[in-house]
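One-letter residues, chain by chain:
2 protein chains.
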Amino acid sequence: MPPYTPLDLLNLGDGFPSASSHPSLYFESLSTLTLLLHETHTIGYLLPSIASTLRDPHLSGPHWSSNGNTITLQGSTAEERSSNIHATLNLWRAQHLFRVLDGWRDELYAVYAPRGELLFTIERSAAALFGLLTYGVHLTAFIHDPAYPGGLALWIPTRSRTKATYPGYLDNTVAGGISAGYTAFETIVKECAEEASLPEVLVREKAKCVGAISYFYVRSEGAGGESGLLQPEVQYCYDLDLSDRRDVVPRPCDDEVEGFELLGVEEVKRRLGEGKFKPNCALVILDFFVRHNILTPENEPHYLEIVARLHRTFEFPLR
Amino acid sequence: MPPYTPLDLLNLGDGFPSASSHPSLYFESLSTLTLLLHETHTIGYLLPSIASTLRDPHLSGPHWSSNGNTITLQGSTAEERSSNIHATLNLWRAQHLFRVLDGWRDELYAVYAPRGELLFTIERSAAALFGLLTYGVHLTAFIHDPAYPGGLALWIPTRSRTKATYPGYLDNTVAGGISAGYTAFETIVKECAEEASLPEVLVREKAKCVGAISYFYVRSEGAGGESGLLQPEVQYCYDLDLSDRRDVVPRPCDDEVEGFELLGVEEVKRRLGEGKFKPNCALVILDFFVRHNILTPENEPHYLEIVARLHRTFEFPLR
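Residue numbers (full-length UniProt numbering), protein chains in the order written: chain P, 1 to 319; chain H, 1 to 319.
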């Protein structure tokens with residue numbers, strides 16, 4: 001199966017057809033789905049099994065209205081809608097309806113209406129059941145050093161072998177979801193301390209937001225829970241240049257990470273090709289490689305497709 | 001009208017609705033257009049006036065077949081198709097059918113089938129008549145210097161007052177279209193010499209491709225010729241960091257540019273807000289600002305929309 005090309009990695013992380021580049025494929029896929037609506041806005045895509053569960057008040061409670069191929073969550077305020085969806089999730093857990101909820105995190109994600117207005121909050125592990133757009137932060141710590149082939153080396157962690165999702169896979173230096181109420185920057189500062197023991201003062205001074213990637217992931221086995229769940233995501237990307245702070249060495253702090261290695265770009269490319277990275281983390285590395293002139297129009301035949309597709313636009317409102 | 005926000009600038013440069021973020025608007029726009037097809041692939045969008053001209057062999061020659069809302073250029077090889085479309089353009093010029101052809105450049109652009117195969121070449125000034133995707137290179141030369149507010153200054157040229165398109169507007173340090181047969185890198189090297197007198201050795205060593213932007217421009221008055229012509233574009237973006245080469249100063253060489261100024265980021269922002277930049281050059285600066293942590297999630301409310309829409313995916317095959 002390996003080696004994976006950059007385009008293979010992109011297809012693994014961004015598996016749902018795009019309306020812009022492949023309109024027919026997109027509408028074929030969409031025709032099998034039910035739209036989760038707020039007023040006239042699509043806020044999520046529902047697989048048939050989940051839509052039929054939501055339409056059954058015995059399984060999901062009375063908080064859902066259905067009309068043709070659309071379903072709406074009832075409630076006139078964010079509080080009411082949050083409480084209603086939470087009640088549904090409690091019913092589902094009691095009935096053991098969806099395995100993905102075994103990974104319950106007790107962490108709330110925010111779902112937005114247009115203009116960044118809060119629509120409701122939802123338990124993190126449940127977002128993919130509704131095809132809801134979620135947000136995270138990923139940071140790449142690196143050094144410029146001619147001793148490494150390619151002149152650049154990245155701090156790469158191995159995920160803990162006991163993690164429910166992608167155990168033992170490689171990851172970005174630091175990564176985390178943005179919980180409801182948090183900014184991107186405060187999230188990266190917090191995660192840098194928790195996952196990599198990076199000093200807060202250093203992170204606040206030197207971590208720079210340099211873009212965002214967006215992709216529509218169709219969950220595979222490795223993600224845990226049901227396969228095929230729809231997971232559109234945005235990740236704010238941060239660079240942390242430690243070239244002049246060689247004394248700073250990421251170390252595991254919580255139990256998320258087994259250890260860190262400083263890997264030259266050629267070694268990172270090799271492990272990407274072997275499929276060793278968590279799928280969305282591979283996309284963050286591809287974006288890093290583009291911005292740092294490692295993937296170029298001269299050495300990557302699918303350069304333009306990769307650069308554009310790393311920045312997918314969604315029908316859903318953004319935060 | 002001014003000041004323009006970054007989102008206003010994006011809307012000026014990327015005015016055609018997107019299938020991904022606004023499917024209904026997109027299909028409403030598309031329903032007024034005719035598709036230019038190659039086999040089953042859409043390679044361009046035709047306005048009604050242009051489609052009806054192509055359907056009339058007295059106006060456009062015999063090289064076009066029409067079927068429902070699609071039109072195909074005849075010819076079984078790239079040479080034959082190029083020769084056929086050139087014959088049509090000669091007829092149109094003789095009849096003075098389209099004002100945009102007054103800007104005839106004697107420069108050939110390449111149009112691609114899937115997998116980068118050459119479909120045909122076409123005179124540059126005619127590409128927008130067929131809504132064909134074209135390619136260019138834009139370079140931003142800059143210095144890091146704490147003397148400037150924001151710590152960064154960009155070399156910004158003013159376009160010649162005698163240019164047919166956007167006379168007197170501000171531009172990127174160097175920019176140019178990619179002619180048929182040229183690579184992106186060879187184009188930027190050539191344009192750096194022609195437009196900014198930058199030494200070839202320096203450019204080859206220090207100009208780095210750091211991504212690409214893509215957008216669907218709907219031509220306005222300033223672009224010259226008919227308004228409303230459809231112009232989807234990809235621009236490879238290059239950074240040229242001159243922080244350690246303060247002796248290098250861009251100077252006009254050909255007659256494209258009136259002069260260069262070194263402007264701090266706050267001054268660049270002010271002039272962007274005043275609408276002084278050529279629309280697509282403003283988008284290159286927004287991308288530069290994102291990559292250099294000048295536009296951030298904290299200071300730009302539409303950050304995610306801007307980052308994603310600067311990287312539009314198209315239905316058309318890519319080079």
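Since the hints were derived computationally from the structure, they do not count as laboratory data.
As the structure is a computational prediction, the values presented were derived from the model and not from experiment.
Hints may be right or wrong, so weigh each one.
[To be verified] Label pairs and their in silico Cβ distance ranges: (1) 245/H / 145/P: 20 to 30 Å; (2) 165/H / 197/P: 47 to 57 Å; (3) 99/P / 149/H: 39 to 49 Å.
We put the CB at the ideal spot given by N, CA and C, even for glycine.
Which earlier hints turn out false for this structure, listed by number in ascending order?
3
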